[in-house]
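Novice: So the protein lines, in turn, are chains A and B.
Each residue of the first sequence is one higher than the one before, counting from 315 in our numbering.
Each residue of the second sequence is one higher than the one before, counting from 56 in our numbering.
Check the hints yourself; a few may be wrong.
Pairs of lysine-lysine, DSSO-like flavour, derived with a Cα cap of 27 Å [said to hold, decoys possible]:
hint: 1; chain 1: A; residue 1: LYS369; chain 2: A; residue 2: LYS417
hint: 2; chain 1: B; residue 1: LYS58; chain 2: A; residue 2: LYS417
hint: 3; chain 1: A; residue 1: LYS368; chain 2: B; residue 2: LYS58
hint: 4; chain 1: B; residue 1: LYS126; chain 2: B; residue 2: LYS112
hint: 5; chain 1: B; residue 1: LYS112; chain 2: A; residue 2: LYS369
hint: 6; chain 1: B; residue 1: LYS125; chain 2: B; residue 2: LYS58
hint: 7; chain 1: B; residue 1: LYS112; chain 2: B; residue 2: LYS125
hint: 8; chain 1: A; residue 1: LYS382; chain 2: A; residue 2: LYS367
hint: 9; chain 1: B; residue 1: LYS126; chain 2: B; residue 2: LYS110
Hints listed in this document are in silico derivations from the structure and should not be mistaken for laboratory results.
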Amino acid sequence: KNEVEQSPQNLTAQEGEFITINCSYSVGISALHWLQQHPGGGIVSLFMLSSGKKKHGRLIATINIQEKHSSLHITASHPRDSAVYICAVKGVDYQLIWGAGTKLIIKP
Amino acid sequence: DVKVTQSSRYLVKRTGEKVFLECVQDMDHENMFWYRQDPGLGLRLIYFSYDVKMKEKGDIPEGYSVSREKKERFSLILESASTNQTSMYLCASRWTPYNEQFFGPGTRLTVL
Chain A
315 KNEVEQSPQN LTAQEGEFIT INCSYSVGIS ALHWLQQHPG GGIVSLFMLS SGKKKHGRLI
375 ATINIQEKHS SLHITASHPR DSAVYICAVK GVDYQLIWGA GTKLIIKP
Chain B
56 DVKVTQSSRY LVKRTGEKVF LECVQDMDHE NMFWYRQDPG LGLRLIYFSY DVKMKEKGDI
116 PEGYSVSREK KERFSLILES ASTNQTSMYL CASRWTPYNE QFFGPGTRLT VL
């Protein structure tokens, strides 16, 4: 079993829909990252969080340390949000353990 | 803005060739990383470096070596490229283990 599991693997939605991507992990962590990768390869960090909730524009990330679970939400989704969203946890040795990614497609 | 650059976006090599992938960062970051990314597997750490001339094996170092002679530059070397090394290679850097990683644009390597 992978130490970091993301669901769903693939998600297709209509423009305007509320999107939720989930990340569960099984190891002790010091922080959790959400990253975005657009076609073409470049990866951009969206959030780094260790508790509670963070918001940036239409993106919201939450984490529940007790349940070892995090969610990334996108409100009022737009085709430009189409990308692969990656969850990564920073273990107690400060190395990152990566999820396999969720491929999101938003149709106009 | 932090900038991490990689020497090539696309590279095609033949089996048995020696391949050099270069990564340069301009923010005086201590730590640098090389990952490969394959569909369905996520990012896998090949090698990382905490400082100049230091290197540590990641999860999949076999078939690869690295060099960090200067702080800003971290090179990944495929001594004898094989078809199973066809992949997307991503370089990243950060100041310290407490900071986030910044990624380069990636190099898509095809080994024929």
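Novice: Are the hints correct? Go through all of them and say.
Specialist: Outcome of the hint check:
For a cut-off of 27 Å, the pair hint linking LYS369 of chain A to LYS417 of chain A stands: about 21 Å separates their Cα positions. Between LYS58 of chain B and LYS417 of chain A, the direct Cα distance comes to roughly 25 Å. Compliance with the 27 Å bound is thereby established for this hinted pair. For the proposed pair LYS368 of chain A and LYS58 of chain B, the alpha carbon gap of about 25 Å is at most 27 Å, so the pair holds. Only pairs whose Cα atoms come within 27 Å are accepted, and LYS126 of chain B paired with LYS112 of chain B is accepted, the gap being roughly 18 Å.
A threshold of 27 Å between alpha carbons decides the hint, and for LYS112 of chain B with LYS369 of chain A the separation of about 35 Å lies outside it, so the pair is violated. Using a Cα cut-off of 27 Å, the hinted pair LYS125 of chain B and LYS58 of chain B holds, with the two alpha carbons roughly 16 Å apart. Our distance criterion of 27 Å between C-alpha atoms is met by LYS112 of chain B and LYS125 of chain B, whose separation comes to about 19 Å. Distance restraint check for LYS382 of chain A and LYS367 of chain A: the Cα-Cα separation of roughly 14 Å lies within the 27 Å cut-off, and the hinted pair is therefore satisfied.
Taking the CA atoms of LYS126 of chain B and LYS110 of chain B, the gap is near 12 Å; set against the 27 Å cutoff, the hint holds.
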